[in-house]
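> Work out the full structure: start from the sequences and follow the hints.
Number of protein chains: 2
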Amino acid sequence: MEPVSRHVRHQPPRVLPQPRPCWVACPQFRSQVNLSRLVRLAGSCGIRNILTTGKGKIDPDIARDAANTVHIDVRRSLPPRLKELRSDGFRLVGLEQTTRSECLYTYHFPRELVLVIGHERHGLADELLCLMDDLIEIPVYGLPYSYNVVTAATMALYEYCKQHQ
Amino acid sequence: MEPVSRHVRHQPPRVLPQPRPCWVACPQFRSQVNLSRLVRLAGSCGIRNILTTGKGKIDPDIARDAANTVHIDVRRSLPPRLKELRSDGFRLVGLEQTTRSECLYTYHFPRELVLVIGHERHGLADELLCLMDDLIEIPVYGLPYSYNVVTAATMALYEYCKQHQ
Numbered sequence: 121m122e123p124v125s126r127h128v129r130h131q132p133p134r135v136l137p138q139p140r141p142c143w144v145a146c147p148q149f150r151s152q153v154n155l156s157r158l159v160r161l162a163g164s165c166g167i168r169n170i171l172t173t174g175k176g177k178i179d180p181d182i183a184r185d186a187a188n189t190v191h192i193d194v195r196r197s198l199p200p201r202l203k204e205l206r207s208d209g210f211r212l213v214g215l216e217q218t219t220r221s222e223c224l225y226t227y228h229f230p231r232e233l234v235l236v237i238g239h240e241r242h243g244l245a246d247e248l249l250c251l252m253d254d255l256i257e258i259p260v261y262g263l264p265y266s267y268n269v270v271t272a273a274t275m276a277l278y279e280y281c282k283q284h285q
Numbered sequence: 121m122e123p124v125s126r127h128v129r130h131q132p133p134r135v136l137p138q139p140r141p142c143w144v145a146c147p148q149f150r151s152q153v154n155l156s157r158l159v160r161l162a163g164s165c166g167i168r169n170i171l172t173t174g175k176g177k178i179d180p181d182i183a184r185d186a187a188n189t190v191h192i193d194v195r196r197s198l199p200p201r202l203k204e205l206r207s208d209g210f211r212l213v214g215l216e217q218t219t220r221s222e223c224l225y226t227y228h229f230p231r232e233l234v235l236v237i238g239h240e241r242h243g244l245a246d247e248l249l250c251l252m253d254d255l256i257e258i259p260v261y262g263l264p265y266s267y268n269v270v271t272a273a274t275m276a277l278y279e280y281c282k283q284h285q
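Note that the protein sequences, when read in sequence, are chains R and Y. Going by this note's numbering, the first sequence opens with residue 121, and the numbers climb by one from there. Going by this note's numbering, the second sequence opens with residue 121, and the numbers climb by one from there.
It is worth saying that the hints were derived from the structure and are not from the lab. Ideal placement from N, C-alpha and C gives every residue a C-beta, glycine not left out. Some hints here could point you the wrong way.
Stretch by stretch, here's where chain R covers chain Y in the computed footprint (C-beta under 8 Å, at least three residues) [to be verified]: (1) 140-150; (2) 184-191; (3) 215-228; (4) 252-262; (5) 273-279.
So this is what it looks like as structure tokens:
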């Protein structure tokens, strides 16, 4: 007897006509696990570029095949490269709770995006905050009143992919 | 000089008139880290109940304060409790790529929800698959062609919270 629904796991991905014009930028995290998780997330979202500082070391057991397809652009500091990307036509969108953040639920993402995420503890540094074209935040409904940094990035990239299929 | 935007991190959460009528159900994961991450996610989404099998051991460094607010209902097997929840009015929604899954982008979540997620390697077991009222799946756009199990749950719970604010 056949079950009502059959697994079709690891389907071929939706074919994108070209790689997404999207970067994810982050400082050196406290935990290298978070960078590796971010790489797997980016790869599965069809995003090929991550900008970061620090060592950029990736654990391939966590990042899986994305360790080979996602390019990690490691710089000594983020602002100079972010300014270049902006002059190349990318919009800098920071994920942070601030006095001028828009809610992710209603935000319209630009196609040419740099999603800038902050440090686990300290969030987006002021030197990054003042560079952002837009800031977005995600509602929180209970303890511990904060999402893990990659969890927050997951929600933002989900919304971006949904808006730009 | 004041920066253009000021941090307002760890704002008080949106006050829910009552706890969300939502459960997350999962088998015993390969990695206990995933259960602890799921607890933090649930807590921040205002979800108070997780149903699972196995030991239900939580790492408070990962789950944070949600370790105290999210109740872990540990059973020997999931189906009997899932059937009870369904007869209490909850709709069982499985997160799995199958021949009859709807896309998360267009799915309308019931308010009374049990989100059922599968094992990291094996996904939703057939004994769970055949119990589901609905099945949903998330588009994947690149290598490694799969989201981590908590990453997938993050996307689904983000969409649920957005639809039921």
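> Hint by hint, say whether it matches the structure.
Going down the list of hints, with the structure as the test:
1. Counting residues of the region 140-150 of chain Y whose beta carbon lies closer than 8 Å to any beta carbon of chain R gives 1, which falls below the threshold of three, so the coverage claim is violated.
2. For the region 184-191 of chain Y, the assignment as covered by chain R holds, since 5 residues bring a beta-carbon within under 8 Å of that chain's beta-carbons and 3 suffice.
3. Counting residues of the region 215-228 of chain Y whose CB lies closer than 8 Å to any CB of chain R gives 7, so the stated coverage by that chain holds, three being the minimum.
4. With 7 residues carrying a beta carbon less than 8 Å from a beta carbon of chain R, the region 252-262 of chain Y meets the three-residue requirement, and the given coverage holds.
5. For the region 273-279 of chain Y, the stated coverage by chain R is satisfied: 4 residues place a CB nearer than 8 Å to a CB of that chain, which reaches the threshold of 3.
Violation of the numbered hints given earlier is confined to hint 1; every other hint is satisfied by the structure.
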